[in-house]
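Enquirer: Line order of the protein sequences matches chains S and B. If you count the first sequence from 1, position 52 lands on 52 in my numbering, and the numbers rise without skipping. If you count the second sequence from 1, position 101 lands on 101 in my numbering, and the numbers rise without skipping.
For the record, the hints were derived by calculation from the structure and aren't laboratory data. Bear in mind that the values here come from a model prediction, so they are computed numbers and not experimental data. Cβ coordinates follow ideal geometry from the N, Cα and C atoms, glycine included. Treat the hints loosely; a few may be bogus.
Unchecked claim - Per the computed footprint, the stretches of chain S lying under chain B, defined by three or more beta-carbons under 8 Å from a beta-carbon of chain B, are:
#1 7-21
#2 26-38
#3 44-53
#4 57-64
#5 81-87
Stated by the list, open to error - Dumping the calculated DSBU-like pairs for lysine-lysine here, alpha-carbon to alpha-carbon at most 30 Å:
#6 Lys49(B) - Lys99(S)
#7 Lys86(S) - Lys49(B)
#8 Lys86(S) - Lys159(B)
#9 Lys160(B) - Lys99(S)
#10 Lys86(S) - Lys99(S)
#11 Lys159(B) - Lys87(S)
#12 Lys49(B) - Lys87(S)
#13 Lys99(S) - Lys87(S)
What the hints assert, rightly or not - What follows is a list of derived Cβ distance ranges for each label pair:
#14 Glu127(B) - Asp88(S): 47 to 57 Å
#15 Arg130(B) - Arg85(S): 42 to 52 Å
#16 Asp91(S) - Ile9(B): 31 to 41 Å
#17 Arg130(B) - Asp88(S): 19 to 29 Å
#18 Val100(B) - Val68(S): 20 to 30 Å
#19 Phe133(B) - Thr65(S): 10 to 20 Å
#20 Asp88(S) - Ala144(B): 35 to 45 Å
Each chain is listed here by its residues.
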Amino acid sequence: MISLHHYLTVSALLFALGLAGLLVRRNMLMILLSIELILNAANLSFVAFSSYWGDLSGQAVVFFTMLVAAAEVTVGLSIAVLLYRKKDTTDTRELETLKW
Amino acid sequence: MFETVLFYIFSAGAVAAAIGVITSRSSIYSALFLVTAMCMTAGLFVLLKAYLVATILVLVYAGAILVLFLFVVMMIDFKKTSFSDWGLKPAPILAVLASVLLFALTFQVIRSIEAPGFAPQAGTTAEMGRLLFGRYVLPFELTAFLLLAAVVSVVVLAKKDAK
């Protein structure tokens, strides 16, 4: 029988993979994709807890997380397009204007 | 028994697709792998009886947001393949070590949780609607403002003569 631990382990695995992508990749689009992966892992653990405790509030939280992620990704993508227009690249190593 | 098999199929698919997202060299393949990972996660949501959330995940996330992603990827670096940094430099190795450590720690925490029994309340549209327009009506209305703010900021940012 599949228990809560199984779902939480999958969620932790997805979260760790997303974190590795976030830290390793240097392309801004890839960083945004990794953030999506991390949010998705968090959603999975919310839904798992919600199902096992028989309380739908966890799924409402997932609903709000998705809305916030949608807003975040649209703004992030438009910033990426703007960067590409100004600097002709989306590589975060090139963006060192704020570096002291 | 059938659900156990489905759980292992969906979770193996999600993890494999996540590995594909972070390792593939082309951004387009990464975005498509992310669509796969989202669909597999939606399968897990259905196994957990969260039907509305699973539907929204496929329709809004895999359907709309990632299509937007693909548009931007094709606009920005369709020709230039973005090479990943998986070299023998210290920073990527440390990053992978950090995430492995994070997983190990989280796994220890998960093992110590006393799990309750599987007692799902089916997350159908009717039940979720009652919850969202009853107990969570204020946050629900606030998300409308958040989306409006996002739309306005994207329009301002994407204007050709942004000052």
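Enquirer: Quick one, are Lys49(B) and Lys99(S) close enough, alpha carbons at most 30 Å?
Expert: Roughly 48 Å separates the two Cα atoms, so the pair is violated.
Enquirer: Quick check: does the Cβ-Cβ distance between Glu127(B) and Asp88(S) fall within 47 to 57 Å?
Expert: Check passed, 50 Å falls within 47 to 57 Å.
Enquirer: Return holds or violated for the Cβ distance of Asp88(S) and Ala144(B) against the range 35 to 45 Å.
Expert: holds, 37 Å
Enquirer: Quick one: are Val100(B) and Val68(S) within 20 to 30 Å, going by C-beta?
Expert: Taking Cβ atoms as reference, Val100(B) and Val68(S) lie about 28 Å apart, which means the hint holds.
Enquirer: Does the beta carbon distance between Asp91(S) and Ile9(B) stay inside 31 to 41 Å, or does it fall outside?
Expert: holds, 37 Å
Enquirer: How about the region 26-38 of chain S: do at least three of its residues have a C-beta closer than 8 Å to a C-beta of chain B?
Expert: Answer holds; 9 residues pass the 8 Å Cβ test.
Enquirer: Does Lys87(S) lie within 30 Å of Lys159(B) when you go C-alpha to C-alpha?
Expert: holds, 17 Å
Enquirer: How about the region 81-87 of chain S: do at least three of its residues have a C-beta closer than 8 Å to a C-beta of chain B?
Expert: Our answer is that it holds, as 3 residues pass the Cβ test (under 8 Å) against chain B, meeting three.
Enquirer: Compare the distance between the alpha carbons of Lys49(B) and Lys87(S) with 30 Å, and conclude whether the hinted pair is satisfied.
Expert: violated, 47 Å
Enquirer: For a C-alpha distance cap of 30 Å, please report whether Lys160(B) and Lys99(S) respect it.
Expert: Judged against 30 Å, a Cα distance of about 27 Å means the pair holds.
Enquirer: Between Phe133(B) and Thr65(S), does the beta-carbon spacing fit 10 to 20 Å?
Expert: holds, 18 Å
Enquirer: Regarding the pair Lys86(S) and Lys49(B), is the alpha-carbon distance no greater than 30 Å?
Expert: Status violated; Cα separation ~47 Å.
Hints 6, 7, 12, 17, counting from the list given before, are not met by this structure.
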